[in-house]
Amino acid sequence: MLKIINPGLSTSIQDLGRPGYFHLGIPMSGAMDRFALRAANMLVGNPEDAAGLEAVFMGPEIEFTQDAIVAVTGADLPAKIDGDIREPWTSFEVRKGQVLKFDYLKGGARAYIAISGGIATEPNLGSRATYPIGALGGIDGRALIAGDTVPVGDQGSTARAGRRIADDLRRGPGTPARLRVLPGLYWHRLTEAAGQGFFDDEWTVAAEADRMGYRFKGGRKLEFVEREQPFGAGADPSNIVDGCYSYGSIQVPGGTEPIVLHRDAVSGGGYFTLGAIISADMDLIGQLQPHTPVKFEKVDMPTALAARADRKAMLQRMRQELG
Amino acid sequence: MKTRYTNGGDEHIYVEMDDEMSLDAFFKSLSMSNAVREANIEGVTEICPANASFQVRFDPDVIHPDKMMEKVKELEHRAEDAEKRLTTRIVEIPVYYQDPWTHETLMRFRERHQDPTGTDLDYAARINGYDSAEDFIVAHHSQPWFVSMVGFVAGLPFLYQLVERDKQIQVPKYLSPRTDTPKQTVGYGGSFSCIYSVRGAGGYQMFGITPMPIYDPTQTTSYLKDFLVYFKPGDIVKWKPIDRAEYDEILAQVEANTYTPRTAEVDFDLDAWNADVAGTNAKLLEALDNA
Numbered sequence: 001m002l003k004i005i006n007p008g009l010s011t012s013i014q015d016l017g018r019p020g021y022f023h024l025g026i027p028m029s030g031a032m033d034r035f036a037l038r039a040a041n042m043l044v045g046n047p048e049d050a051a052g053l054e055a056v057f058m059g060p061e062i063e064f065t066q067d068a069i070v071a072v073t074g075a076d077l078p079a080k081i082d083g084d085i086r087e088p089w090t091s092f093e094v095r096k097g098q099v100l101k102f103d104y105l106k107g108g109a110r111a112y113i114a115i116s117g118g119i120a121t122e123p124n125l126g127s128r129a130t131y132p133i134g135a136l137g138g139i140d141g142r143a144l145i146a147g148d149t150v151p152v153g154d155q156g157s158t159a160r161a162g163r164r165i166a167d168d169l170r171r172g173p174g175t176p177a178r179l180r181v182l183p184g185l186y187w188h189r190l191t192e193a194a195g196q197g198f199f200d201d202e203w204t205v206a207a208e209a210d211r212m213g214y215r216f217k218g219g220r221k222l223e224f225v226e227r228e229q230p231f232g233a234g235a236d237p238s239n240i241v242d243g244c245y246s247y248g249s250i251q252v253p254g255g256t257e258p259i260v261l262h263r264d265a266v267s268g269g270g271y272f273t274l275g276a277i278i279s280a281d282m283d284l285i286g287q288l289q290p291h292t293p294v295k296f297e298k299v300d301m302p303t304a305l306a307a308r309a310d311r312k313a314m315l316q317r318m319r320q321e322l323g
Numbered sequence: 001m002k003t004r005y006t007n008g009g010d011e012h013i014y015v016e017m018d019d020e021m022s023l024d025a026f027f028k029s030l031s032m033s034n035a036v037r038e039a040n041i042e043g044v045t046e047i048c049p050a051n052a053s054f055q056v057r058f059d060p061d062v063i064h065p066d067k068m069m070e071k072v073k074e075l076e077h078r079a080e081d082a083e084k085r086l087t088t089r090i091v092e093i094p095v096y097y098q099d100p101w102t103h104e105t106l107m108r109f110r111e112r113h114q115d116p117t118g119t120d121l122d123y124a125a126r127i128n129g130y131d132s133a134e135d136f137i138v139a140h141h142s143q144p145w146f147v148s149m150v151g152f153v154a155g156l157p158f159l160y161q162l163v164e165r166d167k168q169i170q171v172p173k174y175l176s177p178r179t180d181t182p183k184q185t186v187g188y189g190g191s192f193s194c195i196y197s198v199r200g201a202g203g204y205q206m207f208g209i210t211p212m213p214i215y216d217p218t219q220t221t222s223y224l225k226d227f228l229v230y231f232k233p234g235d236i237v238k239w240k241p242i243d244r245a246e247y248d249e250i251l252a253q254v255e256a257n258t259y260t261p262r263t264a265e266v267d268f269d270l271d272a273w274n275a276d277v278a279g280t281n282a283k284l285l286e287a288l289d290n291a
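In order, the protein sequences belong to chains A and B. Taking full-length UniProt numbering, I'd label the letters of the first sequence as residues 1 to 323. Taking full-length UniProt numbering, I'd label the letters of the second sequence as residues 1 to 291.
Some hints could be false.
Stated by the list, open to error - Computed cross-link-like contacts, SDA-like style, restricted to lysine to any residue with a CA-CA straight-line distance of at most 25 Å:
#1 K232/B <-> G141/A
#2 K2/B <-> E226/A
#3 K67/B <-> A309/A
#4 K232/B <-> P123/A
#5 K67/B <-> H188/A
#6 K167/B <-> I242/B
Claimed, not checked - Have a look at the derived ranges for each label pair, beta carbon to beta carbon:
#7 E297/A <-> A252/B: 54 to 64 Å
#8 R317/A <-> Q114/B: 50 to 60 Å
#9 R142/A <-> D61/B: 26 to 36 Å
#10 A161/A <-> D61/B: 32 to 42 Å
#11 E104/B <-> E321/A: 57 to 67 Å
#12 S222/B <-> K217/A: 44 to 54 Å
#13 A309/A <-> T45/B: 11 to 21 Å
#14 E297/A <-> A278/B: 54 to 64 Å
#15 A309/A <-> D269/B: 43 to 53 Å
#16 K240/B <-> G107/A: 52 to 62 Å
#17 E87/A <-> R78/B: 50 to 60 Å
#18 S142/B <-> T175/A: 57 to 67 Å
Stated by the list, open to error - Chain B is nowhere near these chain A residues, computed Cβ spacing over 12 Å in every case:
#19 G97
#20 G107
#21 A206
Keep in mind that the hints were calculated from the coordinates and are not lab data. Quick caveat: nothing in here was measured; it's all calculated off a predicted structure. Just so it is clear, CB atoms sit at the ideal spot from N, CA and C, and this is done for glycine as well.
With the hints as constraints, model all of the structure from the sequences given.
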């Protein structure tokens, strides 16, 4: 069991998510950086879809009531046991009664903490991922608070300290972060100049950046192709008849600030979307701090699929190297 | 109506039946998304019908996006040939219009509204040509509505009014979304009514509130024990205006787990409805009255 002494800024229980209910407005949820959560689980000998903790910007303080193997991946948020730093992307031992703490964030935005055995809270609709709006998963559907006790499952036989993920497999965004976009959906609503400007301009992550969506600012306002608004769409040129939103799709209300929809996003709505971030780059968004410079890069489907295959190959190499 | 196919990144196919809202576009999107579901295409993980469009999510490691697109396009003729008929249920949803809770909330966010001096209902009544909020309320609840989409947040139904287009109520959303909306608020934006299933942000105008929960993650509410979401696309809704005493009475029943929503099974035929709106609606309401 884990005793939460201090929850940090916002630490939530997440696994790989809750697919299958999007048509009812229940988003997938799960880790924003799924690559990092998979890596953390592999390090401690868990199934890759086991539930761990996602800590945003600041680490929690956790007392262990049992021995465990732990690994921290994703953001560069140094873990400490009894004042000693533990290597990131490397499994380490925590003894019963010891307290896991963290130093200040040095890079990235979200750290993933896997504990051997995995977090064993009651799943809702097949997942332990926390979805606060719908009060599902986690503990009572919310982020952790001080005083929570978090159950942990039985650890696997392969859990051991000192396993390490090679440096070149520790995936994260560069500077400026490059996010690849496949134009589509309602792309035709933009003028050619606006479409070009979106890719030419440098954007920065705005303060409103969370599990629902990441907002960007700093680029030019997008202009729309003139039309009489269709019946039921609403008066603003950025409005459409409410439809589903793709995971990773980019909406631009009023044409001013693009928002990339992420794991806890609303499932649909009345804003046009100009395309979507390719699936391989969605993990990277979860590691962007506010004010980070970002370039959107236009790609085609073969490039998107090649990037997806690269990411998959990295995970495969990781599995092989960790044996 | 011209169907438009597009990709949403490498994991979604998005199909828009029409860029404007109509019952025809909704029916076509519902039958085509059903056809995709029945086709059991390997690699498909989610099928999400919306008002006049739908989305298919798939695993591109299992099926190439071009192949997926091809398979979805092949099903369009099935939707065109499908009978525009639906066996569904009509549900009575009690609504306390002009309630104190949405009123308090709309006053709190007045500076985000088109008309900071009035209420959402006064504004909606005026711009739709009604003499008073009371007349507008009658127009809102006198004819049935179709649940054309469930989404935005958990279990929230979008509803489209079953009246001729020139009688449709249209109301813009707030100028800037509110950060708060009471749970179970009956709202309005564009040509859609909705029920906010949970408390939270929202941009729709607020008309009233229902005492009847429509989303229950604890699955303790009597009629939500089997599944946590009440609505599905294709449900038909009749709003029933209630006063404070009735609101309190229903709320007490909900809390005692004795409340059962009034429902009736009905057949809806789009061609019959197009031919005789008033007659078809009267039959739907009669089925509910006899329930």
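Hints and how they fare:
no.	hint	in the structure
1	K232/B <-> G141/A	holds (23 Å)
2	K2/B <-> E226/A	holds (19 Å)
3	K67/B <-> A309/A	holds (18 Å)
4	K232/B <-> P123/A	holds (23 Å)
5	K67/B <-> H188/A	holds (23 Å)
6	K167/B <-> I242/B	holds (24 Å)
7	E297/A <-> A252/B: 54 to 64 Å	holds (58 Å)
8	R317/A <-> Q114/B: 50 to 60 Å	holds (57 Å)
9	R142/A <-> D61/B: 26 to 36 Å	holds (34 Å)
10	A161/A <-> D61/B: 32 to 42 Å	holds (33 Å)
11	E104/B <-> E321/A: 57 to 67 Å	holds (59 Å)
12	S222/B <-> K217/A: 44 to 54 Å	holds (48 Å)
13	A309/A <-> T45/B: 11 to 21 Å	holds (19 Å)
14	E297/A <-> A278/B: 54 to 64 Å	holds (56 Å)
15	A309/A <-> D269/B: 43 to 53 Å	holds (49 Å)
16	K240/B <-> G107/A: 52 to 62 Å	holds (57 Å)
17	E87/A <-> R78/B: 50 to 60 Å	holds (57 Å)
18	S142/B <-> T175/A: 57 to 67 Å	holds (60 Å)
19	G97	holds (35 Å)
20	G107	holds (27 Å)
21	A206	holds (16 Å)
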